Amino acid sequence: MELWNIFDTEWVPVGAWVESLLQWVVANFRFIFQAIKVPFDIVLTGLEDGLTQAPDLLILALIVLVAWQAGGRRLGLISLACMTAIGLMGAWEESMTTLSIVLTCVVFCSLIGIPLGVIAAKNDRFWMILQPLLDLMQTIPSFVYLVPIVMLFSIGNVSGVIVTFIYALPPVVRLTNLGIRQVRADMVEAARAFGASNRQTLYKVELPLAMPTIMAGVNQTIMMALSMVVVSSMISVTGLGQMVLRGIGRLDMGLATVGGLGIVFLAIVIDRTSQSFGISARDRGHKKWYETGPVGAVRGLMKKG
Amino acid sequence: MSDVQIECRDLWKIYGRRADEAMKAVLAEGLSKEEVRDRYDCVLGVRDATFSVNKGEIFCIMGLSGSGKSTLVRHVNRLIEPTSGEIHVASQRVDTMNESQLRQLRAETIGMVFQHMALWPHRTLGDNVGFGLEVRGVAPEQRREASLKALEAMDLGGWIDHYPDQLSGGMQQRVGLARALAADPEILLMDEPFSALDPLIRRQLQDQFLDLSAHMDKTTLFITHDLDEAIRMGDHIAIMNDGEIVQIGTPEEIVTNPKDDYVAEFVKGISRVGLVRAETIMDRLDGRDATTKQVQLDAELGEIIEHFMEDQTPVTVMSPDGSAAGQITIKSALTALRG
Ligand SMILES: Nc1ncnc2c1ncn2[C@@H]1O[C@H](COP(=O)(O)OP(=O)(O)OP(=O)(O)O)[C@@H](O)[C@H]1O
Ligand SMILES: [Mg+2]
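Residue numbers (this note's numbering), protein chains in the order written: chain A, 887 to 1191; chain B, 299 to 637.
Keep in mind that the hints were calculated from the coordinates and are not lab data. This one's a predicted model, so the numbers in the text were calculated from it and none came from an experiment. It is possible that some hints are incorrect.
Using C-beta positions, here's what the derived DEER-type ranges look like [claimed, not checked]:
1) B/558 - A/1024: 38 to 48 Å
2) B/419 - A/1040: 44 to 54 Å
3) B/544 - A/1089: 36 to 46 Å
4) A/948 - B/455: 41 to 51 Å
5) B/419 - A/1134: 42 to 52 Å
6) A/1017 - B/419: 23 to 33 Å
7) B/364 - A/958: 40 to 50 Å
8) A/1024 - B/350: 53 to 63 Å
9) A/1180 - B/397: 38 to 48 Å
Think of the CB as a built atom: it goes at the ideal place given N, C-alpha and C, for glycine as much as any other residue.
With the rest of the complex left out, here is chain A (with noise of 0.2 Å):
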């Protein structure tokens, strides 16, 4: 009988309604996403051009500083050797394309993940709406968002950028939240009671304090971000997850062994870097960053000099 079988009819058309809506939002409102993707474009282009274009060891070299200045003379040592062998493994073109794609997208979850953390720690309500949002963000799988993105913004980095920015959002500002919230009440008290102004507190005293947990939070981001990297490849995004991408369809086991690695590590690379940016000055002994590390050898110089 045909109603023990009823489920046999598609009765809710629930694929068709959001192909509709799609293809309704995709006329009329391209230019929209068009626009959105002018800035991501520009930084993009940017670092991608600057990284690829200067010579390798000079970039080299920048990584190493960079990474010794934030963390010591051994975490230098441990990224000259990481980055090393990833030009010797004949993925250095790739690894800086997808390190540009990777700092763009920090750049832009940080410009926009801090203060809508900001906002979410001193609004209740904003927070209450906020949170379901970002939950979705995390745990829809990103392969459901490929299509539509791709639908509004085309192929590409640019494209990459903005879904791995989609996905990787979120940490940065849930401890952004936890962070300013986390603050102690007397310290924020203790602000106001000598005149400062509600933008005074916060600049002065609750992000200061909040700096640890929410650069916890940006490097949760960045690692999110290069889990990204394979499966964005999939909107003909290049660098190394498109090596490990083609040696899947290829059956290329060598080029996906080398894209992995090459990501692995980057991935160590700018993990520890972006972990000991976070670490604050009270836990380095109250240094100033610039009294350490290559610039606080460049500076003893010059006073000596």
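Dock chain B with the ligands against chain A, hints included.
Leaving out everything else, chain B with the ligands in the frame of chain A:
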């Protein structure tokens, strides 16, 4: 009176979303703190507090934990908004001030010291102490000069470029005091400033503060949950219970004449030797002759007892003009000592 520096009138604070409703009900039915909590899910923080503090004095607010002391002082610089009532500070009306007037008042007129120091760990002592000047836009050199001066007054001049976590608790609280004094405010609010310190250090800081306030002419609102401390520091003491001020008086008045059982319970273990004065416990002479054992009107109980060491004949109390004002028998001295 013109020399009243801080005055609160009919001040109420009820925490919670239904504060106004709860307030009406309290006024109409006289609900207790528990009833307000159960019926309106609000907390009665301060109940109808009225008090005034004269220029130059140290006014102590004393009470058990949760009695509303912190809530009450935070109204003076309006860190907490009153539910109703008036607040006057340095002949300005605080409860109707706008945001910028309020910030100016906090930065220039009122300094505050906190129970757990509340020093900012990411700032040097100099930057901690100079914060009030910084938010007012004072130039860095001037700020540093003022910070240094304030720190030196606390014997911490050499620590100006160090960080709070490099200091001991007692030193940190001296920084807290320096921070409150840096802008040279007329008024100090001190919320249990010495409670977190061990007894010896606490004693030292009390002495240092008394010494300081004796020649600085500041008006101080001093909170403590320790009656001994209140008696040592205070020119006047207000005792709070469940948000209400139950008694205001000089230390001697509080100790010799507690108003109710709650106050009496506090006063029980307090030594009267340095508190009770001859004037308070003397009897009339009733025509008897003055003895050779003589004390002044304001002599403390300790001095009077000294006179009974040799023999037990009464002590004569002399007024400043040299005539005998009254006498004290050993019996009334001992009664006063017992309390
Ligand atoms: N922000 C707040 N929200 C709700 N209730 C509060 C708030 N702050 C204080 N209270 C309540 O107000 C009452 C008085 O608290 P207050 O902190 O003023 O007491 P206190 O005398 O300073 O106590 P302590 O000696 O422990 O510091 C308490 O019952 C407390 O629960
Ligand atoms: Mg308190």
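Here is what the structure says about each hint:
The given range of 38 to 48 Å is broken by residue 558 of chain B and residue 1024 of chain A, whose C-beta atoms sit roughly 60 Å from each other. Here the CB-CB span from residue 419 of chain B to residue 1040 of chain A is close to 49 Å, well matched to the stated 44 to 54 Å. A hinted range of 36 to 46 Å holds for the C-beta pair residue 544 of chain B and residue 1089 of chain A, which are about 44 Å apart. At about 44 Å, the CB distance of residue 948 of chain A to residue 455 of chain B agrees with the hint of 41 to 51 Å.
Range check, residue 419 of chain B to residue 1134 of chain A: about 50 Å between beta-carbon atoms, so the 42 to 52 Å window is met. Taking the beta carbon of each, residue 1017 of chain A and residue 419 of chain B are about 30 Å apart, inside 23 to 33 Å as hinted. Taking the beta carbon of each, residue 364 of chain B and residue 958 of chain A are about 49 Å apart, inside 40 to 50 Å as hinted. Between residue 1024 of chain A and residue 350 of chain B the Cβ separation comes to about 58 Å, which falls inside the hinted range of 53 to 63 Å.
With their beta carbons about 46 Å apart, residue 1180 of chain A and residue 397 of chain B fall inside the hinted range of 38 to 48 Å.
The structure fails to meet hint 1 from the earlier list, while all remaining hints are met.
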